[in-house]
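In order, the protein sequence lines correspond to chains A and B. Sequential numbering of the first sequence, starting at 1, is according to this note's numbering. Sequential numbering of the second sequence, starting at 1, is according to this note's numbering.
It is worth saying that the hints were derived from the structure and are not from the lab. Note that the structure is a prediction, hence the values are computed from the model and not measured. Be careful, since some hints might not be right.
In this list, chains with the same sequence are indistinguishable; a pair is considered to hold if it fits within one copy or across any two.
Said to hold, decoys possible - SDA-like mimics (lysine to any residue), calculated; alpha carbons at most 20 Å apart, straight line:
hint, residue 1, residue 2
1, K2, E28
2, K222, A348
3, K222, P343
4, K222, M347
5, K2, H328
6, K222, D341
7, K222, R404
8, K222, T62
9, K222, R429
10, K222, N346
11, K222, V350
12, K2, G378
13, K49, I60
14, K49, R5
15, K2, R351
16, K222, G258
17, K2, Q335
18, K49, D341
19, K2, V40
20, K49, Q335
21, K2, G258
22, K2, P71
2 protein chains.
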Amino acid sequence: MKPVRVGLLGLGVVGSGVWTVLAQNNAEIARRAGRLIEVVAVAVRDVDKARALVGDEVRITTDGLELVRDPDIDIIVELIGGNTVARSLILEAIAQGKHVVTANKALLASDGNEIFAQAQARGVIVGFEAAVAGGIPIIKAMREGLTANRIQWVAGIINGTTNFILSEMRARGLPFEDVLAEAQRLGYAEADPTFDVEGVDAAHKLTLLASLAFGIPVQFDKAHIEGISHLAPEDIAHAERLGYRIKLLGITRRRAEGIELRVHPALVPAGSLIANVEGAMNAVLVHGDAVGDTLYYGQGAGSMPTASAVVADLVDVARLQMADPEHHVPYLAFQPDAMSDFPVLNMASVRTSYFLRLRVDDQPGVLADLARLLSDAGISVGSMFQQPHGVHQADIIFLTHEAREGDVDDALAAIRDLPFVHSGVIRLRVENFN
Amino acid sequence: MKPVRVGLLGLGVVGSGVWTVLAQNNAEIARRAGRLIEVVAVAVRDVDKARALVGDEVRITTDGLELVRDPDIDIIVELIGGNTVARSLILEAIAQGKHVVTANKALLASDGNEIFAQAQARGVIVGFEAAVAGGIPIIKAMREGLTANRIQWVAGIINGTTNFILSEMRARGLPFEDVLAEAQRLGYAEADPTFDVEGVDAAHKLTLLASLAFGIPVQFDKAHIEGISHLAPEDIAHAERLGYRIKLLGITRRRAEGIELRVHPALVPAGSLIANVEGAMNAVLVHGDAVGDTLYYGQGAGSMPTASAVVADLVDVARLQMADPEHHVPYLAFQPDAMSDFPVLNMASVRTSYFLRLRVDDQPGVLADLARLLSDAGISVGSMFQQPHGVHQADIIFLTHEAREGDVDDALAAIRDLPFVHSGVIRLRVENFN
Numbered sequence: 001m002k003p004v005r006v007g008l009l010g011l012g013v014v015g016s017g018v019w020t021v022l023a024q025n026n027a028e029i030a031r032r033a034g035r036l037i038e039v040v041a042v043a044v045r046d047v048d049k050a051r052a053l054v055g056d057e058v059r060i061t062t063d064g065l066e067l068v069r070d071p072d073i074d075i076i077v078e079l080i081g082g083n084t085v086a087r088s089l090i091l092e093a094i095a096q097g098k099h100v101v102t103a104n105k106a107l108l109a110s111d112g113n114e115i116f117a118q119a120q121a122r123g124v125i126v127g128f129e130a131a132v133a134g135g136i137p138i139i140k141a142m143r144e145g146l147t148a149n150r151i152q153w154v155a156g157i158i159n160g161t162t163n164f165i166l167s168e169m170r171a172r173g174l175p176f177e178d179v180l181a182e183a184q185r186l187g188y189a190e191a192d193p194t195f196d197v198e199g200v201d202a203a204h205k206l207t208l209l210a211s212l213a214f215g216i217p218v219q220f221d222k223a224h225i226e227g228i229s230h231l232a233p234e235d236i237a238h239a240e241r242l243g244y245r246i247k248l249l250g251i252t253r254r255r256a257e258g259i260e261l262r263v264h265p266a267l268v269p270a271g272s273l274i275a276n277v278e279g280a281m282n283a284v285l286v287h288g289d290a291v292g293d294t295l296y297y298g299q300g301a302g303s304m305p306t307a308s309a310v311v312a313d314l315v316d317v318a319r320l321q322m323a324d325p326e327h328h329v330p331y332l333a334f335q336p337d338a339m340s341d342f343p344v345l346n347m348a349s350v351r352t353s354y355f356l357r358l359r360v361d362d363q364p365g366v367l368a369d370l371a372r373l374l375s376d377a378g379i380s381v382g383s384m385f386q387q388p389h390g391v392h393q394a395d396i397i398f399l400t401h402e403a404r405e406g407d408v409d410d411a412l413a414a415i416r417d418l419p420f421v422h423s424g425v426i427r428l429r430v431e432n433f434n
Numbered sequence: 001m002k003p004v005r006v007g008l009l010g011l012g013v014v015g016s017g018v019w020t021v022l023a024q025n026n027a028e029i030a031r032r033a034g035r036l037i038e039v040v041a042v043a044v045r046d047v048d049k050a051r052a053l054v055g056d057e058v059r060i061t062t063d064g065l066e067l068v069r070d071p072d073i074d075i076i077v078e079l080i081g082g083n084t085v086a087r088s089l090i091l092e093a094i095a096q097g098k099h100v101v102t103a104n105k106a107l108l109a110s111d112g113n114e115i116f117a118q119a120q121a122r123g124v125i126v127g128f129e130a131a132v133a134g135g136i137p138i139i140k141a142m143r144e145g146l147t148a149n150r151i152q153w154v155a156g157i158i159n160g161t162t163n164f165i166l167s168e169m170r171a172r173g174l175p176f177e178d179v180l181a182e183a184q185r186l187g188y189a190e191a192d193p194t195f196d197v198e199g200v201d202a203a204h205k206l207t208l209l210a211s212l213a214f215g216i217p218v219q220f221d222k223a224h225i226e227g228i229s230h231l232a233p234e235d236i237a238h239a240e241r242l243g244y245r246i247k248l249l250g251i252t253r254r255r256a257e258g259i260e261l262r263v264h265p266a267l268v269p270a271g272s273l274i275a276n277v278e279g280a281m282n283a284v285l286v287h288g289d290a291v292g293d294t295l296y297y298g299q300g301a302g303s304m305p306t307a308s309a310v311v312a313d314l315v316d317v318a319r320l321q322m323a324d325p326e327h328h329v330p331y332l333a334f335q336p337d338a339m340s341d342f343p344v345l346n347m348a349s350v351r352t353s354y355f356l357r358l359r360v361d362d363q364p365g366v367l368a369d370l371a372r373l374l375s376d377a378g379i380s381v382g383s384m385f386q387q388p389h390g391v392h393q394a395d396i397i398f399l400t401h402e403a404r405e406g407d408v409d410d411a412l413a414a415i416r417d418l419p420f421v422h423s424g425v426i427r428l429r430v431e432n433f434n
């Protein structure tokens, strides 16, 4: 099939991520989409900078309208941001019958009703997975995954900057201003941080989530918005004493009389999963009457995570244009003719860390002998401790660094033969996810 | 549009949940799907029991083949389970050109390659969101939400029974056998718990996740499977001392030489989100090269959560049969002509709990006056503590029970007027998500 032809408006943080993801995962994406997705043109302010990234094969222009009106382009990806140029380019793309993918939450929160109505009338898709919670497929979950439910409420940490600041304020007992300055140095906060720290960015996203949850028009002007700049470290400490942590939440809830729509700092139980979402991470809790609580967690911003969501929307469009409607989404994610015979490995070749518990006679030299055996097998030990078991025995616990399972099992076979080692050697795997 | 006509095979735990969800959320689901989804016939063993649930309007038969061959039925939902009858009915439904939705992970793990090939040839959908992790839309996330990524690994708590047992073993220091007996009494474990506790059920699900992640055929026979019946409470305690918890994980990972596919207990860092997934809950971590870590959490079993996933698959089919291909999934989740003008509430009518911090002169009667004022406004206090601030002042912290925000603000206005209360009253909201 012929490639899907994409025109990219903007090549900043997210735009360059989209370019990189498509270049890097070209083959893997085509195995899923059933066809290639190709950026054929970009519209940018700085042509030379763009040329350095995309090379000579891709058309570069400073005129977004030229792309939007190009009949050879199937999909426009809008990553300029803001409510002016982006708005008119998106509306013109729709008028031209092009599908649109955007990460522009500010625009959709203010002008979404008009944009979706125009797109509906013209019969084109407007994908905006990247507009809320970056790489987390929360729009898809709510729009397609939870369709059986009457959704009762949604509560999310949907701004990474403020979650980073609150995490640091708690961990280090520092005031807001100090942590904000540090976040700005680290690139987690912008020079003018108002939109983030005053809750406006979170309210843009919450406005979209409320529409998805309850089937109401986008109503940003009705949102109640409070930020975190007035929070004192002592309130974080008092909250902790009461068993709570403070998070900036976007909350929307169905009540008998109407919909709550509010962004503000809130105390959440310290043991809850959402309280343990730390640093710049995002998480969204959705409560449906059938499914109960579900939670979606991941990176809510950044070049590559946001690009992940943009490209997923492109794949949706590519799949929708396949010949037979039943096969838009392949059963096992990849197209049947693109399945791989990559082998499944046997366990001996798996590499991970190991927890070992050995029950031994409590006599001199035991630990040295065991350590030598492990070391000879190329297995290095991270932690070790010994605990008496009765009067004459002891349990020795090793935590190894990463090792090949076959090597560990060979070493354990030799260890089991040692006269001072009792039977029942325990070997458990350790997963650190890194 | 005319309703989607569903034939239901099996009316047990999940089947009755599907019936209930469709009955209960009929209107809400139609607002999303664009048409009604109607169960027109069920095949069961016990006709009288079925009649009591579905009433007189629905055809009841004991012959699954009759449903599968009925030309008036669009979609077959298979909730019988097992590899024999379910297998032949699904294959016959596909041969008849019917779409199929199933929760049968054991069957798909063993016969998935054949079933998907038949369905592909016949041009029908086989939805199986309910086969992995119950109500969590993890299949959709992996098949559609993360399509931009080269997925590196997936690690999941995908069996609720074993997670419940491990949570209880840790919390109460009890041996496996005791907790298993309790789980059986509570209905979290079956009379013959082998499939769950020995990791077979998790391996069925992991086999499907591996195919979705890497585009390999379903290969259950290659999975390495260990259960939790050999775990001792002392190893859980040792692990905790080292900063870990023990979870039964399904792990599949891409290596240079092939794919790891393994279910076994594993130590995971105690501070990680997945370590804090407690009780019968499920969670799946997916790591993609662009998106990084993402996590999906919710109820992995049970009547209504599993039904949530079955019905979501039905909505996918219903939407796919809409007239214009671009509008299968409505922009804002609900069909444009089904949007609601349900109002957004103002903040005064929001009800939640409150954290209040008041700086006061440290003098007799202060606390009594404050408590009286709150009580007069109908606000009841859950916790309170006082902390000296300098020599003559104190901070008083109240944690209230649920109250109307307007009432709280009125009370605070009165409190601010008290001569012994200093300015800078702090009022934060508390969200307990219940």
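Q | Unsatisfied constraints (hint numbers, rising) | A | 8, 12, 14, 15, 18, 20 and 21
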